[in-house]
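*Asks:* If you want the building blocks of each chain, they are given just below.
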Amino acid sequence: MASLSFSLSPEAIYQLHDALMCLGKFGDNVSFEAEFDLLRLSVLNSTKTAYAAFAFDADKFFESYSFGVDRRNMSAGVQSHKFCCQVLIKALVSVFKGRASGRNKDTSVERCEFELQDNHDETECRLVIRLICGLGVIKLYKLTYEPVYIQHATFDRSRATNEWSIEPKFLKEVTDHFGPSAEQLDIYSEHGKTVFTSFTTKIADGKEILRQPVHTSVAIDKRDFEYYLAEDNRHIAINLKDFKAVLAHADIVHARLTARFTTPCRPLQFAYELEGVKSEFTLMTRGEAVEDDGPSSSRAAAPQLSARQTPAPVQVSQQRPPATDASRMPPPSSRSRSLRPLTGTSARASQTPVESQGPQPPVEFDSLFVPADDDRQWDVPNDGGAPAEDELGWDATGDKDTFTASLRTRVPNEESEAAEMDQEEETGIPPTQRISQLHGLGLFD
Amino acid sequence: MRFRTKLTNAETFSKLTASLSSLGKTCWMRLEPGNIRFTIIPDQGTQVWAQLPIDAIFDESSYILESNSGGIINLEVPIGALHRALRSAVDAKSAQLRLTQKGRIPLLALTIRTLSWAPGSNALGITAAPAPAPAPAPGTGTGPGSGSSSNDPPTITNGPTHAPPSSTTTTTDTTTGPARPGRERETVITQEIPVKVFHESAVEGLHEPRCRDPDVHIILPSLGQLKSISERFTKLASPGHGFASAASDAATKPTATGASAAAPKLELSANMHGSLRLAIATDALRISSVWSGLVNPSLDPGQLSQGEMERLPSERMRAVPGDDEAGWARVRIDGRDWGKVLSVGRLSPRVVASFVHETALILYVYLPGTFNEEDSCLTYYINSYAA
Numbered sequence: 001m002a003s004l005s006f007s008l009s010p011e012a013i014y015q016l017h018d019a020l021m022c023l024g025k026f027g028d029n030v031s032f033e034a035e036f037d038l039l040r041l042s043v044l045n046s047t048k049t050a051y052a053a054f055a056f057d058a059d060k061f062f063e064s065y066s067f068g069v070d071r072r073n074m075s076a077g078v079q080s081h082k083f084c085c086q087v088l089i090k091a092l093v094s095v096f097k098g099r100a101s102g103r104n105k106d107t108s109v110e111r112c113e114f115e116l117q118d119n120h121d122e123t124e125c126r127l128v129i130r131l132i133c134g135l136g137v138i139k140l141y142k143l144t145y146e147p148v149y150i151q152h153a154t155f156d157r158s159r160a161t162n163e164w165s166i167e168p169k170f171l172k173e174v175t176d177h178f179g180p181s182a183e184q185l186d187i188y189s190e191h192g193k194t195v196f197t198s199f200t201t202k203i204a205d206g207k208e209i210l211r212q213p214v215h216t217s218v219a220i221d222k223r224d225f226e227y228y229l230a231e232d233n234r235h236i237a238i239n240l241k242d243f244k245a246v247l248a249h250a251d252i253v254h255a256r257l258t259a260r261f262t263t264p265c266r267p268l269q270f271a272y273e274l275e276g277v278k279s280e281f282t283l284m285t286r287g288e289a290v291e292d293d294g295p296s297s298s299r300a301a302a303p304q305l306s307a308r309q310t311p312a313p314v315q316v317s318q319q320r321p322p323a324t325d326a327s328r329m330p331p332p333s334s335r336s337r338s339l340r341p342l343t344g345t346s347a348r349a350s351q352t353p354v355e356s357q358g359p360q361p362p363v364e365f366d367s368l369f370v371p372a373d374d375d376r377q378w379d380v381p382n383d384g385g386a387p388a389e390d391e392l393g394w395d396a397t398g399d400k401d402t403f404t405a406s407l408r409t410r411v412p413n414e415e416s417e418a419a420e421m422d423q424e425e426e427t428g429i430p431p432t433q434r435i436s437q438l439h440g441l442g443l444f445d
Numbered sequence: 001m002r003f004r005t006k007l008t009n010a011e012t013f014s015k016l017t018a019s020l021s022s023l024g025k026t027c028w029m030r031l032e033p034g035n036i037r038f039t040i041i042p043d044q045g046t047q048v049w050a051q052l053p054i055d056a057i058f059d060e061s062s063y064i065l066e067s068n069s070g071g072i073i074n075l076e077v078p079i080g081a082l083h084r085a086l087r088s089a090v091d092a093k094s095a096q097l098r099l100t101q102k103g104r105i106p107l108l109a110l111t112i113r114t115l116s117w118a119p120g121s122n123a124l125g126i127t128a129a130p131a132p133a134p135a136p137a138p139g140t141g142t143g144p145g146s147g148s149s150s151n152d153p154p155t156i157t158n159g160p161t162h163a164p165p166s167s168t169t170t171t172t173d174t175t176t177g178p179a180r181p182g183r184e185r186e187t188v189i190t191q192e193i194p195v196k197v198f199h200e201s202a203v204e205g206l207h208e209p210r211c212r213d214p215d216v217h218i219i220l221p222s223l224g225q226l227k228s229i230s231e232r233f234t235k236l237a238s239p240g241h242g243f244a245s246a247a248s249d250a251a252t253k254p255t256a257t258g259a260s261a262a263a264p265k266l267e268l269s270a271n272m273h274g275s276l277r278l279a280i281a282t283d284a285l286r287i288s289s290v291w292s293g294l295v296n297p298s299l300d301p302g303q304l305s306q307g308e309m310e311r312l313p314s315e316r317m318r319a320v321p322g323d324d325e326a327g328w329a330r331v332r333i334d335g336r337d338w339g340k341v342l343s344v345g346r347l348s349p350r351v352v353a354s355f356v357h358e359t360a361l362i363l364y365v366y367l368p369g370t371f372n373e374e375d376s377c378l379t380y381y382i383n384s385y386a387a
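Here the protein sequences come in this chain order: A and B. For what it's worth, UniProt numbering labels the leading residue of the first sequence as 1, then goes sequentially. For what it's worth, UniProt numbering labels the leading residue of the second sequence as 1, then goes sequentially.
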């Protein structure tokens, strides 16, 4: 059983509304995660290629915020230190509809109170929103929520080797030049310029030349960036619609946008901070995967991926010893399920006897996403074939401790590396494989 | 085959393509040594045959055109995409258009340079010696930069015995970086529009429609005015709107819905005494607007002999008195199609309408500007519907 209630000032209502509008561009449902010091709203899109999250600080953003957990009586969605549920964005946005313009009316909203009803003796699963307006008008909304376990995209900022920051209005100018049919955006830099190219992976019938999409590329000076610390000629491609959704919100709130990424096929994160609000967007990227990304990272994907299946979070918290060992791996139970190779041919590859593979040649591939073997095409692999491919890895628990633990293992550390090696021996094939390494299995040769 | 030129008048080009794109999806573009032609022949509706001297939109000195078929290149262009691409060029410092290919797909590549002013973060514009760029680089190697270490305190479970490390991010490091002066920013935009290249033989059979000498020539009033009135009329007569819906009571409803497939027909007529009439008629209403005092241009006497002039139908119509209904030439045109045609009004041209009674309406649209009006003309061929 959890109790959550908070109230918002009119200014915060607009901010929340803007955030919800932005989240609505990623998916239909918004996840609420209440913790003692923050409330996180997040959306993981249906193809699991993009994750958007806004974390509202309990003290700075809200007029009042209270969250409590009754440990004796846990209901669904409640963990020892947090509560998770999901609400339809459309329903939530409609509560605030038209409020943004009614600022000067007598009956404009003066305060907004949220309360979650999780008691067994109350109507179940209701999110009650009370808008207290001028002249004593009170508008009451009762929405249904669904208790869920929430999946997070993990992104380790400390390992992001490329980073840039820019005013969103410059990027908006860039995207204005793109045609309406453009789907993807490729970003790279050379000769002091950063080039944004729109392209479309859905190629029309080859004969229909005129139906082919217009390719637009826009080059801006690197000096337009606040700072640009990314490798030259490193192409990285993201979904344009997601990018525009991020830009639109960053532009509204006048926040400077920071992008962090390592290599193509690994996630890219846009982030910006406002007073009391942290925004993060973790997006899938495509492009030419980099073969060699340094020794320390070669096996780091394992802990990240280990939690990509949703383990029962309660179980996790039980298993965690009081003092977390830094090099400790996340629960083995989830790990064993994560062995499904992430290749584009996962359906078939997973049928090959995994154990018989024995010790693998060192897997250099350090990606959450599988690179297409022929990266010039940037083709979307068959959508119907293997939905698991090109996905982010998720930390399903969102558990900070586990997260930190897995973070620490990535720091070059002989001991932990050795520990990982052992782990790998035990569990057989590492969870990622290049498509090219699957040659010889007789499937595609 | 080579084609390359600079655009001198991207705005006109953009407006032209916008007007053309309302009539059809693809456009036949014919590049000749002195002229460019744009032709749209839709399956249904109005045909456009446009011809411009190259200096109307291109820079003559940089115009390069080479091909095996007599220095002529025939292209099929998705006109809407070309228009969208050209919109990026309207405010540009320079724009260049060239024919190229990528893989096996021929492209019209439009390269645009724009300049804009980026105000510096230093509001007063007073700059000390420009400080070196801040470099809180997270190193490109494996070791994260000291300033960009993870935000998460390493040990959460230990409780507050240790003060958590300050969560300084690179972002906050650089926001306090040195103020930067305002400066000019240059942006280079490349738009690649896939096109089809035709051989000359493929387009030999295409020719402009021919019809008999028109009965009435008249210079149209402001297209903006004509367009808004035409649209108003069309709307009124459309099923489900205004009077038309009021008229369609239960008994007439089936017929009304049956007629909804085709847009209402406007009746446009003119005489040789400076009058133009726009009218629409439905079961419920009959409206018309009449313009008078318009100009009936006369044909160039140098091209025709006196005898030929007198035999022209327009001269016979001129002889009919202005108040006689017989002196009016009339066409019935599709309201929606007419609206698309009138979108050429954005070029603020001079338009001569030639009426062939009950047969066709031909519009000669002359672009304004410094170039020779004789050479730059868009010709619209609009069929008349039977009553």
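Treat the hints with care, since some could be wrong.
[Said to hold, decoys possible] Under the rule of at most 25 Å between Cα atoms (straight-line distance), these lysine-lysine pairs were calculated in the PhoX-like manner:
no., chain 1, residue 1, chain 2, residue 2
1, A, Lys193, B, Lys6
2, A, Lys193, B, Lys102
3, B, Lys93, A, Lys172
4, A, Lys48, A, Lys90
5, B, Lys93, A, Lys193
6, B, Lys93, A, Lys169
Derived from the structure by calculation, the hints contain no laboratory data.
*Asks:* Now look at each hint and say whether the structure bears it out.
*Replies:* Hints versus structure:
no.: 1; hint: A:Lys193 x B:Lys6; result: holds (23 Å)
no.: 2; hint: A:Lys193 x B:Lys102; result: holds (22 Å)
no.: 3; hint: B:Lys93 x A:Lys172; result: holds (20 Å)
no.: 4; hint: A:Lys48 x A:Lys90; result: holds (20 Å)
no.: 5; hint: B:Lys93 x A:Lys193; result: holds (18 Å)
no.: 6; hint: B:Lys93 x A:Lys169; result: holds (20 Å)
The structure fails none of the hints (numbered hints given earlier).
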